[in-house]
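J.: Could you put the whole structure together from the sequences, leaning on the hints where they help?
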Amino acid sequence: GQQVMQIPQYQHVQEGEDFTTYCNSSTTLSNIQWYKQRPGGHPVFLIQLVKSGEVKKQKRLTFQFGEAKKNSSLHITATQTTDVGTYFCAGSLSGTALIFGKGTTLSVSS
Amino acid sequence: DTEVTQTPKHLVMGMTNKKSLKCEQHMGHRAMYWYKQKAKKPPELMFVYSYEKLSINESVPSRFSPECPNSSLLNLHLHALQPEDSALYLCASSRLQGAQDQPQHFGDGTRLSIL
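Chains as they are written, first to last, in my numbering: chain A, 130 to 239; chain B, 40 to 154.
Since no wrong hints were added, every one of them can be taken at face value.
With a cut-off of at most 20 Å between alpha-carbon atoms, the simulated SDA-like pairs for lysine to any residue come out as follows:
#1 K165(A) <-> Y151(A)
#2 K58(B) <-> S125(B)
#3 K165(A) <-> E83(B)
#4 K61(B) <-> N114(B)
#5 K188(A) <-> E146(A)
#6 K48(B) <-> Q166(A)
#7 K79(B) <-> M134(A)
#8 K231(A) <-> K77(B)
#9 K165(A) <-> K77(B)
#10 K48(B) <-> S104(B)
#11 K80(B) <-> R150(B)
#12 K231(A) <-> M134(A)
#13 K57(B) <-> P108(B)
#14 K165(A) <-> E42(B)
#15 K77(B) <-> R167(A)
#16 K79(B) <-> G169(A)
#17 K77(B) <-> Y139(A)
#18 K61(B) <-> G170(A)
#19 K58(B) <-> Q121(B)
For the record, the hints were derived by calculation from the structure and aren't laboratory data.
T.: Right, here's the structure in full:
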């Protein structure tokens with residue numbers, strides 16, 4: 130069945146360092162969404178990418194969708210302690226349910 | 040604050056009990072979802088309702104019974120659960136325009152423990 134792989138599983142950085150998480154699908158996706166879940170919280174929608182090669186920015190966060198629409202990345206510049214949490218990518222084929230990646234848990238030390 | 044409200048926030052029940060989880064949203068979303076999330080794992084889809092009709096059941100055991108009484112409410116009835124069913128149960132909703140392509144809004148979840 131369709132799978133969405135996400136790496137790394139865990140990442141620890143010093144405050145101010147950059148962070149990247151990668152998402153890869155075995156099949157072409159119609160879109161990819163990114164969610165953030167704080168410890169003890171619920172997933173919160175961050176962004177949706179639909180177009181091949183799309184790049185979107187939200188302040189220090191940069192999201193990319195690959196040309197083949199099979200991979201995506203989230204890059205955080207100059208991490209802050211407020212960035213801690215688990216970042217999930219979630220992809221779907223058109224008309225099918227979202228498939229979540231396993232998530233990358235980010236910890237930040239000051 | 041979340042726009043999807045789930046009750047109760049915590050629930051402890053025995054394996055012979057019957058209980059229900061409730062979810063409510065007033066965003067006019069016509070797609071609603073139940074997910075199960077174990078610790079350090081991603082949300083795992085259980086059910087999808089579109090226009091109050093069950094559209095996806097991901098082979099969930101019959102001890103979990105969903106119900107969508109109207110466009111704002113979603114229930115999950117629980118009966119004869121097993122200890123491995125202990126998890127965080129998340130409700131989510133989204134607009135229905137190619138539903139699976141729309142951002143999902145999650146509730147805070149119900150943390151369920153089965154004794």
